[in-house]
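Engineer: Chain residues, written in single-letter form:
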Amino acid sequence: MPPSQLRALKSQLREKGITAPSKSKKDKKNGPSTSGKDRATALAKIRTEMNPYEYRHISSRPAKFPSTSVKGSYKDVLLRRPGVSKSAGEEVRRKQLLPEMRGRLKSGGLVDRRIGEGDGGMDEESRAVARFAREKSRNVFDLEGSEDEGGDGLLTHGGRAIADLEEDDMRISGDEEGSEDDGFLVRKRQREDEEDEVVDEQPDVKKSKKEVMTELIAKSKLHKYERQKTKEDDDDLRDKLDAGMADLLPLLRAQAAPPPPPPKPVEVPGDVSKINPERQKLLDGMDRGAADREYEKRLRELARDTRAAPSDRTKTAEEKAKDAAEKVKELAIRREKRMRGEAVSDDEEVEQAKDERDDSEEEAVVDEYGNEELGDDAAEFGLGSNVVEKVQHVDEDDFDFDADLVASASEADEESASSDDALDDAVPENDAEEEEDEFVSGIFGRGANAVPIADPNTKTATLPPTHACPRTHTEFLALIKDSPAEGLPTLIQRLRAQYQPSLAAENKGKMEDFSRVLVEHLVWMAEHGQEMKVMEQVIRHLHSLSRTYAIPIAEAFRSQLGSWLERSSSEGDGMGVSKGDLIVLVAIGEIYPTSDHFHQVVTPAFTLVGRWLGLNAGVKGMGGERSRVGAFMVGLCVKWVGESKRFVPEAVRFTLAALGNGGGAVVGEHLENLKGMAELWKGKSAFIEVFEPFIPSLRKLAKPAKSTLQHLTTLLDASRQARKPLMLHHHRPQPLRTSNPKFEEGFNPDRHYDPDKERSEAAKLKKEFKREKKGAVRELRKDASFVAREQLRSKRVEDEEHKKRERRLIAEIQSESRG
Amino acid sequence: MPGLAVNGAVRKRKRDDVPATKRKAPKATTGESTQNKILQLEEQILQGREHYNNIVELQTLVAKFETKPRAATLAAVSLCRVFCRLTAGESLVKSNSASDADTQIVSWLKARLRDYVDGLTAWLGGEQGSTALTLLMRVVKAEVSQTSKRGEQAWKTESGTFYKVVKALLENEDVEGARQEFVEAFVEEHDDVRFYTFSAVKHVLKNSTDGQAETTGSAVDLLSRIEGVPESEDQLEDWYGEPPSPTSNKQLLSLNAHRKAAQEAWLAVFRSPLTKDHRKRILTIATTQILPWFTTRLELLADFLTDSFDSGGSTSLLALSSIFHLMTHQNLEYPEFYTKLYSLLDDEVLHSKHRSRFFRLLDTFLNSSHLPAAMVASFIKRLSRLSLQAPPGAIVWVIPWVYNMLKQHPACTFMLHRPYHPGHRIYASENELEDPFDMACLDPNTSGAIDSSLWELETLQSHYHPNVATLAKILSEQFTKREYVLEDFLDHSYATLIGQDLGKELKSTRPPEVEYVIPKRILTAEVEEGGDGKALSRVGRLLEGALGAL
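Protein chains in written order, with my numbering: chain A, 1 to 819; chain B, 820 to 1369.
The hints are simulated quantities; they were obtained by calculation from the structure and are not laboratory data.
Backbone N, C-alpha and C fix where the C-beta goes; we use that ideal spot for every residue, glycine too.
There's no promise every hint is true.
Derived list of chain A stretches under chain B, where covered just means 3 residues or more per stretch with a C-beta under 8 Å from a C-beta of chain B [claimed, not checked]: (1) 5-17; (2) 488-502; (3) 560-567; (4) 591-598; (5) 650-657.
Let the hints inform the model, and build the full structure from the sequences given.
Structural biologist: In structure tokens:
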């Protein structure tokens, strides 16, 4: 049988030492006596513990997962006291809501605005402290009246002059009334700020419309003024920068700068606006330390600035040759890289492109088969509709020689014109710069050996000494119509010298147009059967111009290719190719590196050649003309892939068809082409498959093809000997993707382990919002019930009074009537 | 088809309007007078038989089409109205109780109608073809809208206007426009017109004993234009003449009867002499437009298809899809299908204009993983061999297809990777490697391709076009992708490849590379001692030859 309540209470009291038997004096001296405060808390604790009905469990969750339980004592956390909290809530309502409710229909009245009054959270002491602090800080009665404030002994209220205040003061109560309606909850929230509000509260005067408008206008004027000011400032800054440009330009050219113009006399020092802004800032009270630091920084920057470097010393002939050789070697390496389709330039572009690719890969959705669901498979290989070309190309400015073209013209052209081997030489004796001379020199008459390409016998004298730069082909035709065709290279030379971009700013545009005109003229020349020699020179000029005007010339070539494609698609029968197209192909093959994996001009040109060959190979009974053109095209293909050894199926097909037809008049050319192809592709694994079909037709041709046949059979035998079955897949086995299992220590089923941070944040917010909403609803409900209760009570009281009065009156009347 | 119906209505209204506007705003007084005269004549005819001779007068006007087309058209329109009213008024029907004179009048009127129809059918090919067709069909409508028995007769009989129209459409060569309009405005719109068109076509083909190729061609043209195939009897609901009821003309309500009519018409076409082009045309539409009619009697169609498939060339190519459809859906037995398919892979197939169609089918046929690996290997090897001379548009399909095939038939991957093992046939000979694959062998099961290697595709890795070369490299990389979507690789051609390259703007940040050495000579050769200075290099020589050829 448990001990009775009384007994339990007694034992508790004894335990806490509240009703302990009186201690001996010795004890009292040694041990500290329990103070009154301790005693009170101990009593409160006993009181709560003795009342089991005050508690309620927070939840019914069993303590199965120790991690879920919050640290702390059992009773503190898992139990709560609805009774206590309810009565506390009631108390707060009575204090705050009840006055509000009572004053609801009333206007006016007294409002206690003393600090901390009506705030249950503050005790008497803290209220006093707060009031004192306010008093101190505000200095309400400025009886001394400092000079700058302008007031000598004016009475103030709330830190303002009474005179300013008067009207507002009348209204304060009314305004307060408005805010009274804010309701309990809002007020509860605002309670903390209330103190400040008292200070900040500006009397809110209702402005007339006119006032509002004038204010608005003033404001906009101010903004406008500010804008103008900033603009002027910007202009000033820009002017200053522009003034410095002259100093910068020579630096950019890595040449000695001309002496800077003498600095302008310093402005009148009194003018504040002219002071260096930095200094102004300093004067305005910038931190001394910060200024020092900035000074140090500037100093370091100055120290690190590049100084004027000594110009390159004059090199000996051997050194020059060595440099040239190195340059060519480097260029050859780059060419090989491009041939393999690797990125050559190491600037950010590559990385950027790579990033883009990565991004697009990430974006692509992968379906259950591991295929990208949305991506076009073909697009990966550049066969889709919108493809980012993966192949990178250098932007070489090695060929940008225009700056010192004229200066170096004095260099002797040592190379004799007979060195035809320059093409095949890995190291041409000439530097590109010198080659360039060839095209523009001779006009200036520097260097005795600077031989112009054109035959000196041609009558250059017939050409007018100066010409307007032709911007269109018609202009150009008009210009040359009187001069002999042989004089054309000289004319081009002159024009190029006359309109060098270094001579005038607009020359660049002129030369760009002229380059385009030259491409058009090349086509025109081919159509009009002009001499090969002249066309060759024009191609060479275009080549040299391409170094500077790569884009306009490439565009011109590309548009020629485009028109060829259009013409041949619309044209039903016929050859589908014109003389101009052929010369354009020759020019493209010479000017651009045909070994590149991808080239903006060569690739479409090559595809067009392939297209022509493919479409014309199938034509029944190939005529002599077709065979001739085809021989030229195949010859071009062989030349173009000479370095890269690429495979051209259409060339094989066409040659096979042509030889199968007997070859026509140009059988020798076809055989030579075949030989060239066989030489080129003898290393290919499918050599046998490609060239075996030729054997029967070669046998049929008999005599003229004898040597070719022999050559081919030798190569075929060698290829058979060398061939091995394919072994393309010596790949390292691909490791399976591993991923560490995610293991959560002290896993809590209540917590959400969402890896998506954003989502978990959102969930948290949502939950908080829900909780807050619930709490607010609960509060409002309690408020409502409180209000109802209060109303009922006041009504009862009223009824009671009414009844009493009534009874009294009745009694009075009765007594009167009786009396 | 609602769209067509609207079109028809619009056209009809327009046609009605034409004479009206002309009436209002005549260009010449003579025109006006003729017009008035025609109208007067027409009104008189309708007043009574004593004016029937006006018909002859109008017909003479119609006959003067060459000289006075406007008047002729007007006369034709009014005659059409006349005949329609007469037909509706049963003036063209011999009744048993009629007197001798009446009978004579009726037969005379019939003869006039015949003349009129014959005259109009001659117009079908000309500018007025559309008007003529409309007028004729209006007469047909009047005829077939008579009471059920007579209406049905009017559809069928060879003396009926409808039969004559169909006959004219088939026998005249230059009436393609009218045929198209006939199909669009009438056959597709009305189920009974379609039904009787089929039977009329059958009869016309049967009657043209001399077997004119033109008639057959027109029949193919007409029939291939008919696209709407009813799938259930509920869809038979648009009628041009009297709507059939279960008591009368009930075959019009039966789907099977419709099918039978169509089948017989097509069979008549198959029996008549077909040129290659006709055959191709039929094969192109076979699966979509002919097969649905033959759902009940497939064997009839199968004969035609197998004949076409066996004839070789592009005809076989076209017959493929229908045959395969029959094999997979209708359980048709076709022995040696794959051998036949294998034989279709010849020099031309990768260059033919039906290339993508063929590729699509080929992929479907070989998609089964139950096919023997040796056979699949033969297809792979043969296509690889062919792509050594193929255009890039074909190669870019072949490579991903080979990838997919290898992925599906792992036994074939030895063709790409064959480490030494004495068991492999290719390593059998001691010194010189002998390719076990025989291109000439016609049987895909014994060609030995599975013991060979795909050197051809390795060679294509150095194709001149960068995209093709890059694509070919997938075969020597790890096969990590499950499969390529082949549809993306179809329909590439030279034009698209070039267009893609030329379509991209040149970027100023990346100007095109320029060769760094400017050659001294391009077209001319080095001047020899004592030469005339006109020597040309090889390129120059070839260019000169080519320029001379153009």
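Engineer: All the hints need checking, so say for each whether the structure fits it.
Structural biologist: Evaluation of the provided hints:
1. For the region 5-17 of chain A, the stated coverage by chain B is not satisfied: 0 residues place a CB nearer than 8 Å to a CB of that chain, which falls below the threshold of 3.
2. For the region 488-502 of chain A, the stated coverage by chain B is violated: 0 residues have a C-beta nearer than 8 Å to a C-beta of that chain, whereas at least 3 were required.
3. Judged by the Cβ-Cβ criterion of 8 Å, the region 560-567 of chain A is covered by chain B as claimed, because 3 of its residues qualify and three suffice.
4. Taking a C-beta to C-beta cut-off of 8 Å, the region 591-598 of chain A contributes 6 residues in contact with chain B, enough for the three needed, and the coverage statement holds.
5. Counting residues of the region 650-657 of chain A whose C-beta sits closer than 8 Å to any C-beta of chain B gives 4, which meets the bar of three, so the coverage hint holds.
The structure fails hints 1 and 2 (numbered hints given earlier, in ascending order).
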